[in-house]
Amino acid sequence: MYPILEKRLLAEGIWLMKIHAPRVARSAQPGQFVIVRADAHGERIPLTISDFDAAEGSVTIVTQAIGASTRKICALEQGEALADFAGPLGRPSEFVHLPLEEVRQRRYLFVAGGVGTAPIYPQVKWLKEHGVRADVIIGAKNSRMLIYTDAMRAVAENLYIATDDGSEGFKGMVTGLIEELVEQRGERYDECVAIGPMIMMKFVALTTRKYNLKTTVSLNALMVDGTGMCGACRVTVGGKTRFTCVDGPEFDGHEVDFDEAMRRQGMYRTQEQRAAAIEAEREAGHVCKIGLDK
Amino acid sequence: MANKIPRVPVREQDPAIRATNFEEVCYGYNQEEALLEASRCLRCKKPRCVEACPVGINIPEFIAALHEGKLQEAADIISADSSLPSICGRVCPQETQCEGSCILGIKGEPVAIGKLERFVGDWKLQNGAAPKATAPRNGRKVAVIGSGPAGLACASDLARMGYGVKIFEALHEAGGVLVYGIPEFRLPKQRVVAREIEAVKALGVEIETDVIVGRTVTIDSLLDEEGYDAVFIGSGAGLPRFMGIPGENLNGVVSANEFLTRANLMHAYDAEYDTPIYVGQRVVVVGGGNVAMDAVRTAKRLGAEATIVYRRSEKELPARVEEVHHAREEGICFRMLTNPTEVLGDERGWVRGVRCVEMELGEPDESGRRSPVVKPGSEFEIACDVVIMALGTSPNPLLAATTEGLETSRRGCITADEHGATTRKGVFAGGDAVTGAATVILAMGAGRTAAKAIDEYIRSL
Ligand SMILES: Cc1cc2nc3c(=O)[nH]c(=O)nc-3n(C[C@H](O)[C@H](O)[C@H](O)COP(=O)(O)OP(=O)(O)OC[C@H]3O[C@@H](n4cnc5c(N)ncnc54)[C@H](O)[C@@H]3O)c2cc1C
Ligand SMILES: Cc1cc2nc3c(=O)[nH]c(=O)nc-3n(C[C@H](O)[C@H](O)[C@H](O)COP(=O)(O)OP(=O)(O)OC[C@H]3O[C@@H](n4cnc5c(N)ncnc54)[C@H](O)[C@@H]3O)c2cc1C
Ligand code: SF4
Ligand code: FES
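These protein sequences, in sequence, are chains A and B.
In terms of our numbering, the first sequence is residues 1 to 294.
In terms of our numbering, the second sequence is residues 1001 to 1461.
Treat the hints as calculated values from the structure; they're not laboratory data.
Cβ atoms here follow ideal geometry from the backbone N, Cα and C, with glycine treated the same way.
Please note: incorrect hints may appear among the correct ones.
Reference excerpt, derived from the structure (chain B facing chain A, CB under 10 Å, subset only) [as the list claims (entries may be wrong)]:
#1 Gln1190
#2 Thr1209
#3 Thr1216
#4 Asn1249
#5 Asp1270
#6 Ser1313
#7 Trp1350
Use the sequences and the hints to build the structure in full.
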């Protein structure tokens, strides 16, 4: 069992939990994830490592309650425990392995959407600690749904905010803000990292392609084991089938077949959930481009 | 003198009923039936069955003990060579091993060695004496990676020798394929597998789940930081293969590993559990091994019309004969000499069928198997909404990639000598991780062989 040391509400339906998992904490690196099971009847679901502290033996996860399993996890209280917490899984972010000299030459642009803001944090923090410059864009529906802004401000060189309704920062989508930064303000970046809903990552990748800006995305495919054993997490990248859990979760966003990836996410979605997902998309002011309505 | 009666039939669940539930198909012998069947054995001087047993169980001796009603003795005789009789009695391919060589099989039916082994194994799980006292703890520690048959067998032998043993398992439950792959209706999880695992723990073996060696810890950290004197790798061959044909990433195409893991490990068929499974109305399973049979019969039990598509003929089906027979009884449709060339999707990206070609058997290849060749102009479609790929598996490259000096073959199997020693000092391996997908008995045997080698290695330090 993995005790919940701390639990905090970050925004509506989004909870931060600090979990006691010393082995994971000792080995975790930015970009990796864990497989969590709430209780003995629970599903194994992947959640990104949002922070880790080897000395304390703790790992932080940030979960958005969107379905049965995430709701079950979010319903657990401080002092209770998760049945399973396995990781760290997946490959760490590329920059962790590259020669530091090379990484220091680069300037990063991070683009975070919704709950995807949490997993961006350990990456930006790592870069800051290693003297690498990184700007961050956080996008959310409205100001109330923004998370991690203070923490991020402390580690980012520049923090930009975009809300769909303009209640804070730039009014519009993160892609609009990227365009403004690059085209209007003449900012230059060497690499972009985007983490958020699949649809957001798809459009970020389409936008950055215009600038030939290398873009890394972190795919949230469906998973079972998270160790390469089942193939539920298959995605097509550069025309080849890859397993998100072992070959990723980070991939070159310009090579990912997002339409397929989004379709595959719906594999276990019931009719009801499908309707709810379309509704959520509409509410967010998006035209349904990902085939949810089919 | 041996009793010249026909082979004692074994009681089974009615096919029509069992095709709708997950209870065990075969009830096994009761004591009376077992003793009667045991009376058929000739107690050959040069027993062919023993030669054909991958671990050389002294079959005539255990059958003789059983015949005399000395069940503990029969159990002890098997224990000398096999640590998982109630499991192997159920899942070994007896028709190509012991029973396939039994002298009685030449003119009639072989002794039902598997069913007798199962009877003795089950008896032992329920009534057997507590495991023989283990040697006093010698203060040395061994780490075992993976809790499948190879890991369990290696761990229990080492614990008996006095080693402190800890098994590290990546999944949340111990048992390897026995738990996530082979279904309940062939191998009961609580009654058999859980008890075998309890027996291993009773020897003092610790099992830590949720540890992916290579990620959570590494072989180096186990040796250098956690103070283990040696490591045994029993990580199996868990990576599923796909065909590489168009349409394989459509919604509705899954690997047998995914399908079976959802059903077995995650209990997706039980409403009390949260994990979903998608079965559809018509399921096509591609492949002809035990994995394919397990997947197709699971799909059938979940309510689908289920079909096997296999590119060779029935004779070449690599699955246990008993499973093929049971599958037929349960109403599984078999399309032999058929090979998929494309998975067809509808406009929403969901499977609507498979395009196949008919095959014919050509000349035998080096292995002696006649390789199938496409019959020209034989294309046709099978309508279905789920396609399950059961094309074999290969070892996970994670351990080799994260351990300096651990060599693998071209097929990704860990290189090890006949004692289980790998190319890295202090690191041993066995089971599917070394051989590629094989059998429970071979994995168990390899675990035990490695336990001996590990003992010798640690003594030599
Ligand atoms: C590598 C990785 C990292 C992740 N990190 C986080 C994280 O840090 N925080 C977090 O809140 N979530 C994260 N996710 C997503 C999370 O795993 C899913 O939200 C969760 O599995 C949904 O389970 P559920 O039972 O609550 O919802 P379900 O009932 O399964 O789904 C509810 C709705 O969401 C859709 N859905 C299901 N799975 C996903 C998915 N993976 N992505 C998008 N939509 C999905 C369903 O189709 C359905 O419409 C991550 C996923 C991956 C693969
Ligand atoms: C569906 C199916 C049906 C089968 N039917 C039969 C049958 O009828 N008869 C028969 O004889 N054989 C059968 N087999 C084959 C048989 O089950 C295997 O040959 C046998 O289980 C191999 O044992 P093993 O201990 O080597 O590996 P496994 O049983 O595969 O166990 C390996 C374990 O190691 C764990 N692991 C892997 N990597 C790591 C890591 N890095 N860190 C920690 N843990 C790790 C895995 O999670 C797993 O639990 C079947 C296989 C399948 C899949
Ligand atoms: S070959 Fe058959 S008859 Fe002979 S000892 Fe073995 S089981 Fe008995
Ligand atoms: S989650 Fe099973 S292979 Fe990736």
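Evaluation of the provided hints:
1. Gln1190: Given a least distance of 14 Å, the restraint on B:Gln1190 is violated.
2. Thr1209: At about 7 Å, which falls below the 10 Å cut-off, the nearest Cβ of chain A leaves the hint on B:Thr1209 intact, so it holds.
3. Thr1216: 5 Å, holds
4. Asn1249: 6 Å, holds
5. Asp1270: Where the cut-off is 10 Å and the nearest Cβ of chain A is about 9 Å from B:Asp1270, the hint holds.
6. Ser1313: 28 Å, violated
7. Trp1350: 9 Å, holds
Consistency with the previously given hints fails for numbers 1, 6, ordered from lowest to highest.
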